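Participant: The lines below spell out each chain.
2 protein chains.
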Amino acid sequence: MKQIESLWQEVRDLSLGNATAVRRLDSPPAPLEFLRDFVSLNKPCLISGAATAHWPAAALWRDRAHLTRALSSSSVTVHLTPNGRADSLVPIDGGSASSSPPPSALCFASAHAQRVPFAEALEMISRSSRESNFVAYAQQQNDCFRSEYGPLARDCDGHVPWASEALGSLPEAVNLWIGNHFSETSFHKDHYENLYAVVTGEKHFLLLPPTDVHRMYIEDYPAAQYSYIKETGEFKLEVEEPIKYVPWCSVDPYPSPENLESEMAKFPLYFNGPKPFECTVKAGEILYLPSMWFHYVKQTPDDTGLTIAVNYWYDMQFDMKYAYFNFLQSIEYQPIHDYTGTEEESEDL
Amino acid sequence: MKQIESLWQEVRDLSLGNATAVRRLDSPPAPLEFLRDFVSLNKPCLISGAATAHWPAAALWRDRAHLTRALSSSSVTVHLTPNGRADSLVPIDGGSASSSPPPSALCFASAHAQRVPFAEALEMISRSSRESNFVAYAQQQNDCFRSEYGPLARDCDGHVPWASEALGSLPEAVNLWIGNHFSETSFHKDHYENLYAVVTGEKHFLLLPPTDVHRMYIEDYPAAQYSYIKETGEFKLEVEEPIKYVPWCSVDPYPSPENLESEMAKFPLYFNGPKPFECTVKAGEILYLPSMWFHYVKQTPDDTGLTIAVNYWYDMQFDMKYAYFNFLQSIEYQPIHDYTGTEEESEDL
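First to last, the sequence lines map onto chains A and B. Numbered per my numbering, the first sequence spans residues 450 to 798. Numbered per my numbering, the second sequence spans residues 450 to 798.
By construction, these hints were calculated from the structure, which means they are not laboratory data. If you're wondering where the values come from, they're calculated on a predicted model, not measured in any experiment. Be aware that a few hints might be false.
It does not matter which identical chain is used: a pair holds within one copy or between any two.
Calculated cross-link-like contacts (lysine-lysine; reagent style DSS-like; alpha-carbon spacing at most 27 angstroms) [as the list claims (entries may be wrong)]: (1) K693 to K492; (2) K731 to K715; (3) K679 to K724; (4) K724 to K492; (5) K724 to K693; (6) K451 to K715; (7) K731 to K451; (8) K679 to K638; (9) K679 to K731; (10) K679 to K715; (11) K685 to K492; (12) K731 to K693; (13) K451 to K638; (14) K715 to K638; (15) K679 to K451; (16) K724 to K685; (17) K451 to K685; (18) K747 to K638; (19) K731 to K685; (20) K638 to K492; (21) K451 to K747; (22) K679 to K492.
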């Protein structure tokens with residue numbers, strides 16, 4: 450269906466640009482400018498100048514003593530996985546996804562979530578490595594910054610003032626993220642306008658607009674749950690009973706070299722289509738990640754070994770763009786892979 | 450293709466509402482509110498309170514002496530047609546469209562445009578009637594308010610301040626419209642954000658969102674030109690040579706009773722789909738008519754026999770919504786009418 454591929458290109462030609470870079474602003478935009486030139490256009494931007502320079506966190510959060518002191522009586526939730534890939538697709542056999550079986554053999558694995566004293570959480574995250582049998586990532590996305598991490602509130606703004614004025618509301622949720630260089634988040638989208646502020650280290654985003662939905666190969670995968678057995682230091686992966694299906698993006702943008710060819714054959718619309726937008730968000734910068742954009746995230750820690758970020762989720766408008774998206778997604782368009790390596794199109798119209 | 454009809458409904462359920470009424474504001478919105486709640490959503494609104502009360506025109510333009518005095522040395526363009534339907538579909542034989550031949554026999558007829566002293570133009574518009582063989586409508590859409598009608602500029606605002614601030618620009622064009630109750634404009638869309646201010650009389654709009662494009666049955670019609678022969682008081686209609694095709698909406702929302710059944714059979718998606726939004730704009734009110742919305746307009750004069758309006762065209766953003774629209778329009782979906790009266794679908798996918 451050539452019209453769908455024309456749509457990918459036209460959105461870039463008209464509005465997003467054909468470079469893979471995200472528009473950079475040297476200072477926070479005025480609310481009206483932010484609304485007109487970015488939110489209304491569903492177009493990302495990176496505020497690289499003076500975005501959070503005034504936050505006490507900018508200096509304080511590089512000091513672990515400050516963090517452990519502030520949170521000395523707090524317990525927080527850490528997410529444990531064998532490889533740092535929380536909320537991602539793994540073979541039902543529980544191994545890593547690197548063996549690339551046909552999608553039917555994959556499940557959507559949620560991390561083992563554990564609430565521990567903050568000092569212990571920080572220790573687990575720091576200790577995370579290929580050797581440690583587990584990777585710990587503090588990434589509870591339930592407004593945790595205003596609950597579990599309440600004592601840190603005074604170190605940051607409670608909202609992004611120019612965004613709150615533009616969007617006409619305060620954030621629906623504010624989340625804190627503490628990870629190391631093993632932590633990554635697979636491609637997905639959120640139904641929020643997202644302002645993502647990095648405080649220490651760097652976050653690396655791959656971004657695709659909602660119009661590229663067919664390139665994500667969203668399929669239903671059975672929900673599964675990791676449990677970490679402390680005694681043996683091993684993970685158990687169990688599919689939820691009764692079975693529950695989660696629609697999730699099938700594409701891993703960085704397959705291992707030995708899998709690259711088979712992944713490119715399975716997901717040609719992703720690997721052969723326009724390159725995703727790329728954006729590294731450095732400490733002190735804020736990324737505006739528009740609602741409904743698909744994003745993949747990995748990170749680089751600072752010299753203390755941590756990447757710490759705060760993100761603000763604002764309610765999105767379920768408007769004409771959203772209805773257009775649902776219409777687009779309702780049109781089936783996937784080159785079907787068969788094992789002769791040839792491809793044919795299926796179109797449900 | 451059921452997905453297209455679901456789109457019509459979802460846009461109404463999520464954003465526009467299922468009533469046929471347009472959202473009414475009792476006072477002009479703040480720029481940020483206008484941008485967030487209407488422009489960004491591509492959603493119309495009617496500013497019914499204090500929109501143009503401060504314009505000298507509100508009082509002055511009900512006085513013909515004022516108009517003829519101000520424009521005593523101006524000549525303006527009037528558009529002459531046999532029936533008040535400028536820029537509309539008529540049978541190539543030149544009769545009125547009421548005989549409803551198959552679309553192939555219709556052409557897109559432009560009015561006979563004539564530049565005359567303003568007093569004479571006003572006289573022609575007032576004299577327009579079924580008896581007068583012609584209907585005159587001053588509806589030159591080339592920024593005429595700032596050119597032909599320059600001397601009236603001081604009677605109105607040169608732009609709509611809250612709209613200019615929201616949209617970040619001044620109007621690209623400002624047009625004046627002087628008509629009587631025979632003047633009407635067939636369904637079409639404009640690639641502008643439109644602020645439409647009625648000064649005397651009333652304008653009656655039928656509105657359909659861009660997502661309803663298939664309901665307009667847009668087809669290519671040969672361009673034709675009316676010429677009015679003063680001596681005989683008759684119109685000649687000639688198809689342009691070399692032939693030039695104009696894509697235009699095929700639907701007449703108010704067919705004559707004897708044609709209603711055949712029109713409903715030809716255009717079932719329009720007549721059987723969701724009702725269009727209806728909006729009467731009274732003197733002193735401003736309609737925000739979003740870019741890309743299909744609109745049909747007729748009018749009721751005030752007691753002086755005239756309907757006078759000023760509209761401000763602002764540049765639109767060619768953004769993701771516009772790309773989605775082009776994608777939607779590229780999907781062919783028209784129940785094909787055959788003369789047994791049965792229908793089948795054609796789908797180009």
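Participant: So, for every hint listed, does it hold in this structure?
Facilitator: Okay, the hints, checked on the actual structure:
With identical chains, the CA atoms of K693 and K492 are never at most 27 angstroms apart, being 34 angstroms at best within one copy and 38 angstroms at best between copies. In this assembly of identical chains, K731 and K715 lie within 27 angstroms of each other by CA distance neither inside one copy nor across copies; the values are 33 angstroms within and 60 angstroms between. Taking identical chains as interchangeable, the C-alpha atoms of K679 and K724 are never at most 27 angstroms apart, the minima being 42 angstroms within one chain and 64 angstroms between chains. Only within a single protomer do K724 and K492 lie at most 27 angstroms apart by alpha-carbon distance; the minimum there is 16 angstroms, versus 33 angstroms between protomers.
Taking the shortest alpha-carbon separations for K724 and K693, neither the intra-copy value of 33 angstroms nor the inter-copy value of 40 angstroms comes in at or below 27 angstroms. Proximity of K451 to K715 under the C-alpha cut-off of 27 angstroms is restricted to the intra-copy arrangement: shortest distance 19 angstroms within a copy versus 29 angstroms between copies. Taking identical chains as interchangeable, the C-alpha atoms of K731 and K451 are never at most 27 angstroms apart, the minima being 38 angstroms within one chain and 46 angstroms between chains. Proximity of K679 and K638 under a CA criterion of 27 angstroms is satisfied in neither setting, with 33 angstroms inside one chain copy and 66 angstroms between copies.
In the homo-oligomer, the alpha carbons of K679 and K731 never lie at most 27 angstroms apart, since the shortest distance is 35 angstroms inside one protomer and 75 angstroms across protomers. Taking CA atoms no more than 27 angstroms apart as the test, K679 paired with K715 passes in neither setting, with 37 angstroms inside one copy and 72 angstroms between copies. Taking identical chains as interchangeable, the C-alpha atoms of K685 and K492 are never at most 27 angstroms apart, the minima being 41 angstroms within one chain and 52 angstroms between chains. For the homomeric pair K731 and K693, neither the shortest alpha-carbon distance inside one copy (38 angstroms) nor that between copies (56 angstroms) is at most 27 angstroms.
For the homomeric pair K451 and K638, the shortest alpha-carbon distances inside one copy (24 angstroms) and between copies (26 angstroms) are both at most 27 angstroms. Proximity of K715 and K638 under a CA criterion of 27 angstroms is satisfied intra-copy only: 21 angstroms inside one chain copy versus 42 angstroms between copies. In this assembly of identical chains, the alpha carbons of K679 and K451 never lie at most 27 angstroms apart, being 53 angstroms within a copy and 53 angstroms across copies at closest. Taking the shortest Cα distances, K724 and K685 never come within 27 angstroms of each other, neither inside one copy (36 angstroms) nor across copies (57 angstroms).
With identical chains, the CA atoms of K451 and K685 are never at most 27 angstroms apart, being 44 angstroms at best within one copy and 44 angstroms at best between copies. With identical chains, the CA atoms of K747 and K638 are at most 27 angstroms apart within one copy only, with a shortest distance of 15 angstroms there and 45 angstroms across copies. Taking the shortest Cα distances, K731 and K685 never come within 27 angstroms of each other, neither inside one copy (36 angstroms) nor across copies (70 angstroms). Taking CA atoms no more than 27 angstroms apart as the test, K638 paired with K492 passes in both settings, with 14 angstroms inside one copy and 25 angstroms between copies.
Proximity of K451 and K747 under a CA criterion of 27 angstroms is satisfied in neither setting, with 33 angstroms inside one chain copy and 40 angstroms between copies. Taking CA atoms no more than 27 angstroms apart as the test, K679 paired with K492 passes in neither setting, with 45 angstroms inside one copy and 56 angstroms between copies.
Hints 1, 2, 3, 5, 7, 8, 9, 10, 11, 12, 15, 16, 17, 19, 21, 22 from the earlier list are contradicted by this structure; the remaining hints agree with it.
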